[in-house]
Amino acid sequence: MTRLGMSGEPNPSTSTNRNPPGAASTLQPPVFSSRLDFVSGGNIPVASEPPTRWARRRRRSVARTIAAELAENRRLAQELSKREEEKLDRLIAIGEEASAQQDTANELRRDAVIALRRLATAVEEATGAFQLGLEKLLQRLISNTKS
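Quick note: the sequence shown uses our numbering, first residue 746, plus one each step.
Hints are computed from structural coordinates only; laboratory data are not their basis.
No experiment lies behind these values; they were computed from the predicted model shown.
A few of these clues could be false.
[What the hints assert, rightly or not] Cβ-Cβ distance ranges computed for the label pairs, FRET-style:
#, residue 1, residue 2, range
1, 812, 848, 52 to 62 angstroms
2, 821, 844, 30 to 40 angstroms
3, 877, 853, 27 to 37 angstroms
4, 833, 808, 30 to 40 angstroms
5, 867, 831, 49 to 59 angstroms
6, 851, 877, 47 to 57 angstroms
Heads up, the beta-carbon is just placed ideally off N, CA and C, and yes, glycines get one too.
Kindly generate the complete structure, drawing on both the sequences and the hints.
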C-alpha cells in the first residue's frame, strides 16, 4: 500500500514501479520528500512550506476551541468572582450587625452595672434605715418595760 503525502502524491520510496519478475532487485535508500517523514513517522511540513489546508483547518478548529474554553473560563471566573463578592458582602453585613449588637450589649452591661450600684446603694440605705428603726423600737420596748 502506498502512503500518500499531504499533497496527495505517492511517496517515491514506495512507488508502484517494480522490477519485472526474475530481474535482480537492488536496494535503494529511501527517498525523502521535503517533509520530515524520517523524524517522527508523520508528515511534518518543513518551515519553508506553507501549511496544508487540513493543517490550517485543524489549527483554526483548535484556536476556536481554545478561544471558546477561554471565554467559558472568563465567564466562570466572573460568576465565581460575583458569588464571592456577594458572600463577602454578606459577611461584612453580618460583621457590622454583630458589632452593633456587641455595642448594644456593652451599653446594656454598663446600664446594668449602674443599676446594680444604685440598687446596692438603695439596699444599704434601706438596711441602715431598717436597722435604725429596729434600734429605736428596741429602745422604746426597753424603756416601756422599765416603767
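Each hint tested on the structure:
At about 53 angstroms, the CB distance of residue 812 to residue 848 agrees with the hint of 52 to 62 angstroms. With their beta carbons about 34 angstroms apart, residue 821 and residue 844 fall inside the hinted range of 30 to 40 angstroms. Checking the proposed 27 to 37 angstroms range against residue 877 and residue 853 shows it holds: the Cβ atoms sit about 36 angstroms from each other. As the Cβ distance of residue 833 to residue 808 is approximately 36 angstroms, the hint placing it in 30 to 40 angstroms holds.
At about 53 angstroms, the CB distance of residue 867 to residue 831 agrees with the hint of 49 to 59 angstroms. Evaluation of the 47 to 57 angstroms hint for residue 851 and residue 877 yields a failure: the beta carbon distance comes to about 39 angstroms.
Checked against the numbered hints above, the structure violates only hint 6.
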